[in-house]
Amino acid sequence: MVFLRSEEHLERWLDRSGWERGASMAATLLNELARRWWWTRLEPDWRPRTTAESQAILDKVGLRGEFWRLS
Amino acid sequence: MDELDLRIRNHLYAQFVAKGKAPSAVDTAAALGLAGDEASAAYRRLHDAHTLVLHPGTNEVRMLNPFSAVETPHRVEAGGRSWFANCAWDALGIPAALHTDGSVRSECPDCGEPVELEVRGGELVRGRELLVHFVVPARRWWDDIAFT
Numbered sequence: 017m018v019f020l021r022s023e024e025h026l027e028r029w030l031d032r033s034g035w036e037r038g039a040s041m042a043a044t045l046l047n048e049l050a051r052r053w054w055w056t057r058l059e060p061d062w063r064p065r066t067t068a069e070s071q072a073i074l075d076k077v078g079l080r081g082e083f084w085r086l087s
Numbered sequence: 153m154d155e156l157d158l159r160i161r162n163h164l165y166a167q168f169v170a171k172g173k174a175p176s177a178v179d180t181a182a183a184l185g186l187a188g189d190e191a192s193a194a195y196r197r198l199h200d201a202h203t204l205v206l207h208p209g210t211n212e213v214r215m216l217n218p219f220s221a222v223e224t225p226h227r228v229e230a231g232g233r234s235w236f237a238n239c240a241w242d243a244l245g246i247p248a249a250l251h252t253d254g255s256v257r258s259e260c261p262d263c264g265e266p267v268e269l270e271v272r273g274g275e276l277v278r279g280r281e282l283l284v285h286f287v288v289p290a291r292r293w294w295d296d297i298a299f300t
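Chains as they are written, first to last, in our numbering: chain A, 17 to 87; chain S, 153 to 300.
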């Protein structure tokens with residue numbers, strides 16, 4: 017997962033790399049996702065999330081659809 | 153995940169946050185009063201559970217997500233310290249995990265120009281115009297986590 021300066025840069029990078037377009041989002045949305053995903057990671061009573069709990073985080077920030085299905 | 157694995161996992165994170173690198177299994181065993189093979193086996197179980205990522209064929213930590221034990225294009229500073237992150241998502245995950253403000257310095261893979269982001273009070277206040285791209289669909293993230 018990489019940061020790109022604009023849609024134009026993304027298109028050019030995909031053309032050059034030969035990778036198919038996956039999913040893109042604004043960095044602001046990624047920041048919201050990161051906060052929800054990583055917030056408890058350093059807490060001493062941390063426990064692994066279930067797949068359903070992780071899926072719920074993706075859903076919560078609006079990342080729905082086949083690309084975002086964890087299982 | 154049993155209590156020993158959680159104890160070792162918490163020790164690894166504490167050490168990584170403080171020192172910027174993950175202790176070896178030998179060092180972890182010594183610090184926690186364990187036999188060396190107990191720590192090694194726990195590292196392997198934590199890897200298999202996707203709680204950390206080892207270098208292939210070793211017991212050396214490569215990723216303690218969101219932190220990276222190897223140099224990457226994603227450098228994060230927070231609270232006067234710095235770490236490498238595994239990817240864009242993890243880069244923003246470090247300030248989140250630390251519950252603090254932070255800044256990210258990375259680069260656009262198209263043009264190679266630096267990109268800078270800053271998180272303050274949980275909000276992205278710099279780099280808001282940037283895009284992020286995911287190549288790999290979610291269900292395949294762990295097929296090759298280093299590529300993802």
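It is worth saying that the hints were derived from the structure and are not from the lab.
One thing to keep in mind: the hints can contain errors.
Unchecked claim - Here's a subset of chain A near chain S, in silico, CB distances under 8 Å, partners left out:
1) Phe19
2) Trp29
3) Trp55
4) Glu69
5) Ile73
6) Phe83
7) Arg85
It should be emphasised that the depicted structure is a prediction, and the values quoted were computed from it without experimental measurement.
Just so you know, even glycine gets a beta-carbon here, dropped at the ideal spot from N, CA and C.
Where does the structure disagree with the numbered hints, that is, which hint numbers, in rising order? 4 and 5
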